[in-house]
Amino acid sequence: MVPLSWYLIVAAALFCIGLYGALSRRNAVAVLMGIELILNAININLIAFNRYITPEEVSGQVFSIFVLAVAAAEAAVGLALIIGIYRTRDSVNLEELDLLKG
Amino acid sequence: MGQLLEIIKDPAQLGPWFHNLLLSLGLSAELASLVGDVIGVLLLLIMVLTSAIFLIWGERKIAARLQDRVGPNRAGPYGLLQTMADIVKLLTKEDVTPAGADRVSFNLAPALSVMQIIMVAAIIPIGAGVVAVGLNVGLLYFVAFSGLAAMGALMAGWSSNNKYALLGGFRVVAQLLSYEIPLIFTLLAVVLLSGTMNTNSLAEAQGVRYFGFIPGWYGLLMPFAFVIFFVAALAEGERAPFDLLEAESEIVAGFNIEYSGMKFAWFFLQFFVNSLILSALAATVFLGGWQGPFVDQIPVLGIVYFSIKTLLVLFALMWVRATYPRLRIDQMMGFCWKVLVPAALVTVLLAAVIWKLPVSENIRAVLLSGANIVALVATLGIIGAQLRKRVQRRQTATPAATVQV
Amino acid sequence: MAITPQQVVFILLSVLTLGCGLMVVLSRNLFHSALWLVGSFFGVAALYGLLEAEFLAVAQILIYIGAIATLIVFATMLTRGMMLGRMKMSNFQSGISGVVAILLLGLLVLVLLQVSWPTEALPVPDDTIAMIGNAFVSAYVIPFEVVSVLLLVALVGAIMIARER
Numbered sequence: 008m009v010p011l012s013w014y015l016i017v018a019a020a021l022f023c024i025g026l027y028g029a030l031s032r033r034n035a036v037a038v039l040m041g042i043e044l045i046l047n048a049i050n051i052n053l054i055a056f057n058r059y060i061t062p063e064e065v066s067g068q069v070f071s072i073f074v075l076a077v078a079a080a081e082a083a084v085g086l087a088l089i090i091g092i093y094r095t096r097d098s099v100n101l102e103e104l105d106l107l108k109g
Numbered sequence: 018m019g020q021l022l023e024i025i026k027d028p029a030q031l032g033p034w035f036h037n038l039l040l041s042l043g044l045s046a047e048l049a050s051l052v053g054d055v056i057g058v059l060l061l062l063i064m065v066l067t068s069a070i071f072l073i074w075g076e077r078k079i080a081a082r083l084q085d086r087v088g089p090n091r092a093g094p095y096g097l098l099q100t101m102a103d104i105v106k107l108l109t110k111e112d113v114t115p116a117g118a119d120r121v122s123f124n125l126a127p128a129l130s131v132m133q134i135i136m137v138a139a140i141i142p143i144g145a146g147v148v149a150v151g152l153n154v155g156l157l158y159f160v161a162f163s164g165l166a167a168m169g170a171l172m173a174g175w176s177s178n179n180k181y182a183l184l185g186g187f188r189v190v191a192q193l194l195s196y197e198i199p200l201i202f203t204l205l206a207v208v209l210l211s212g213t214m215n216t217n218s219l220a221e222a223q224g225v226r227y228f229g230f231i232p233g234w235y236g237l238l239m240p241f242a243f244v245i246f247f248v249a250a251l252a253e254g255e256r257a258p259f260d261l262l263e264a265e266s267e268i269v270a271g272f273n274i275e276y277s278g279m280k281f282a283w284f285f286l287q288f289f290v291n292s293l294i295l296s297a298l299a300a301t302v303f304l305g306g307w308q309g310p311f312v313d314q315i316p317v318l319g320i321v322y323f324s325i326k327t328l329l330v331l332f333a334l335m336w337v338r339a340t341y342p343r344l345r346i347d348q349m350m351g352f353c354w355k356v357l358v359p360a361a362l363v364t365v366l367l368a369a370v371i372w373k374l375p376v377s378e379n380i381r382a383v384l385l386s387g388a389n390i391v392a393l394v395a396t397l398g399i400i401g402a403q404l405r406k407r408v409q410r411r412q413t414a415t416p417a418a419t420v421q422v
Numbered sequence: 213m214a215i216t217p218q219q220v221v222f223i224l225l226s227v228l229t230l231g232c233g234l235m236v237v238l239s240r241n242l243f244h245s246a247l248w249l250v251g252s253f254f255g256v257a258a259l260y261g262l263l264e265a266e267f268l269a270v271a272q273i274l275i276y277i278g279a280i281a282t283l284i285v286f287a288t289m290l291t292r293g294m295m296l297g298r299m300k301m302s303n304f305q306s307g308i309s310g311v312v313a314i315l316l317l318g319l320l321v322l323v324l325l326q327v328s329w330p331t332e333a334l335p336v337p338d339d340t341i342a343m344i345g346n347a348f349v350s351a352y353v354i355p356f357e358v359v360s361v362l363l364l365v366a367l368v369g370a371i372m373i374a375r376e377r
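Protein chains in written order, with my numbering: chain A, 8 to 109; chain B, 18 to 422; chain C, 213 to 377.
These aren't lab readings, by the way, just hints derived from the structure by calculation.
Treat the hints loosely; a few may be bogus.
Said to hold, decoys possible - Per the computed footprint, the stretches of chain C lying under chain B, defined by three or more beta-carbons under 8 Å from a beta-carbon of chain B, are:
| no. | region |
| --- | --- |
| 1 | 221–234 |
| 2 | 264–275 |
| 3 | 278–287 |
Beta carbons are placed, not taken as given, at the ideal position from N, Cα and C, and that holds for glycine.
Turn these sequences into a full structure, and let the hints steer you where they fit.
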C-alpha cells in the first residue's frame with residue numbers, strides 16, 4: 008500500500024508549485040492556472056484523508072465536490088473578468104492594471 | 018469441445034476462461050490479469066478500427082444512394098476495398114507541417130483525438146456482460162471523455178497557425194460544449210429511472226416487460242428524451258445539419274485544414290468512430306442494448322441484437338447527414354440553448370416526478386410515455402408556430418423578397 | 213523495503229502530476245502552460261483513481277479538463293497578444309516567491325514527517341456513489357443548495373461581465 012504521507016507530500020508539492028505560479032506570473036490567465044493547481048492539491052488531500060481515515064463516511068469526497076463546483080464558478084467569473092479587462096485595456100498584464108493606485 | 022461451445026453461447030465467459038488458461042500455464046495471478054487486460058485492449062482497438070473501415074465504405078455508399086449517385090465502386094466488389102485504397106493513398110502522401118506551426122501540439126492533437134474516442138469505446142457493452150470496463154460511473158465516464166474531443170480540436174486549431182483552423186477550433190468548442198448539456202440531461206433522466214450509471218446494468222434494467230409484452234426500453238418510456246439525445250448526438254458527432262466545424266464554404270475545412278496524409282486520416286477516423294460510439298450508446302441507453310428475445314437462454318444473441326440496433330441508429334445518422342443542408346452558426350447555437358436545453362430539462366422533470374408516483378409500474382410507464390409524447394408534440398408545435406410567424410413577418414416587411422425559407 | 217506495483221504506479225503518477233505542474237508555472241508560452249495544466253489534471257484524476265474515488269476521478273476529468281481547462285485555453289486564445297512568448301512571463305517578485313514556495317514546501321514536509329500517519333488504507337464501501345448522493349440530500353443539503361445558487365450566480369455574472377456592450 009502507498010502510505011498516506013506520500014499523498015500528503017505530493018499534495019504539498021503541488022500546492023507550492025501552484026503558489027509559486029500564482030505569485031510570480033504577470034499574466035492574469037497564468038495566475039488563474041496557479042490557483043487551479045492549488046485547488047487540485049487541496050482536493051488530493053481531502054480525498055486521501057477520506058480514503059485512509061474515514062472511508063465509511065464520504066465527507067471528504069463531498070467537500071472535494073464542493074471545491075470542484077467553486078473552482079468552476081471561479082474560473083468562469085475570473086476568465087470573464089480577464090476578457091472584459093482585455094477588451095477595455097488591451098492587456099491582461101497584472102502589473103499594468105494599477106488604476107486604483109493613488 | 019463442450020467448453021468451447023459454452024463460450025460461443027455466452028461470450029461473457031471468454032475472459033474468465035482465458036484467465037484460467039493463463040493460470041494453468043503457470044503464470045502468477047497478477048501477470049495473468051495483466052496479460053488478459055492487454056489482450057482485451059488490443060481486441061477493443063482492433064474491433065473499433067476494423068469496424069470503422071467498413072463504416073466509412075457504408076456511409077459513402079448509403080449517402081451516394083440517397084443522393085442518387087453510385088458511390089465507390091472501383092476497388093474490390095461493390096467498392097468494398099475503397100477505404101483500404103484511401104488509407105494507402107493517405108500513407109503515401111507528403112506529411113506537411115505548416116510554417117510557424119507549434120510542432121509538438123500540432124503532432125499531438127490527432128493522437129489525442131483518436132485516444133479519446135477509443136477510451137470512450139471501453140464502456141460500451143456489446144453483449145450480455147461483454148464490456149471492456151464495467152465501470153460504476155460508466156455514463157459519466159462517457160460524458161467526461163467525449164468532452165476531450167474539444168481539447169484535441171482546439172489544439173489542432175491553435176497550433177496550425179491558420180486563422181481558418183483557429184475559427185474552426187472555436188466553433189468546435191462552442192458546439193461540443195453547448196450540445197453536451199442536453200445530452201447530459203437526457204442521460205440524467207435515464208439514470209433517474211434506472212438508478213445506475215453502469216452501462217451493462219442499464220441494458221440489464223431494460224429487460225423488464227410492461228403488460229407482459231412491451232419491452233422496457235427507455236426510448237419507448239421516454240421518446241422525447243430519445244429524440245433530444247438523437248439531435249444532440251448529431252451535433253456531438255459533427256454531422257450535418259450541425260457540421261459547421263468543417264463548413265467548407267465558410268471556414269474552408271475547420272480545425273483540420275492544415276493536416277495532410279495520415280494525421281488527417283486520424284481526424285477522419287475519429288469522426289467516424291465517434292458516430293459509431295454515439296449510435297452504440299444510443300442503442301445501449303435507449304433501445305435496450307443487448308436485450309431481445311431468447312437472450313437469457315443464448316447470450317450470444319445479445320451481440321447480434323446490439324449490432325442491429327447500433328447499425329439502425331447509425332443509418333439514421335447517415336440518413337440525416339445525406340438529406341439536410343447546414344444550419345447557420347447563430348441558428349445552431351440558438352437551437353441548442355433556446356430549444357434543446359429547456360426541452361431536456363422538461364424530460365428530467367417528467368422522469369423525476371412521474372417515476373415517484375405511487376401507482377403500479379405499468380401505469381407509471383404509460384404515464385411517462387404519454388407525457389413524453391405530449392411534450393414532444395407541444396415542442397414541435399411551438400417551434401413550428403414561431404417559424405411560421407417569422408416567415409410571415411419577413412413577407413409583410415419586404416414583399417419583394419418572398420424567398421422560400 | 214520492497215516496492216509494490218501500486219507504489220510504482222503512484223510514483224509515476226506523482227512525477228507526471230508534479231512535472232506537468234512545474235511546466236505550467238515555468239513555461240514561457242501561455243498556450244503550452246494551459247496544455248501542461250491538462251496533463252497535471254490528468255495526473256490528479258489518476259491519483260483519485262488510485263485512491264478508489266472513481267466518481268471524483270471522472271468528475272475531475274469532466275469539470276477540470278472538459279470545462280475549466282477548455283475555458284482557460286479559450287481565454288488564452290482570446291487574449292492572443294499575451295502568448296507570443298516574446299515578453300517576460302514572470303514579474304518582479306518571482307525570485308522571492310520562488311524562495312517562499314520552496315520554504316513553505318520544506319516546512320510542510322517537516323511538519324508532515326512529525327506525525328505518524330496511517331500507512332494502510334481502510335476498505336472502501338461498494339456503493340460510494342450512492343453514499344455521496346445521500347450525503348448531498350441529507351447532511352450537506354444546505355451547502356449543496358448554496359453551491360447551486362453560487363453556480364447560477366457565477367453563470368449569470370460571467371455572461372454579464374463578458375458581454376459586448
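Original post:
Against chain B, does the region 278–287 of chain C show at least 3 residues with beta-carbon separation below 8 Å?
Top reply: Satisfied; 6 residues make the cut.
Subject >> Given coverage of the region 264–275 of chain C by chain B, tested with a Cβ cutoff of 8 Å and a minimum of 3 residues >> reply: With 6 residues in contact (Cβ-Cβ under 8 Å with chain B), the coverage given for the region 264–275 of chain C holds.
Original post:
Taking a Cβ-to-Cβ distance below 8 Å as contact, does the region 221–234 of chain C have at least three residues touching chain B?
Top reply: With 0 residues close enough to chain B, the hint is violated.
The structure shown violates just one earlier hint, number 1.
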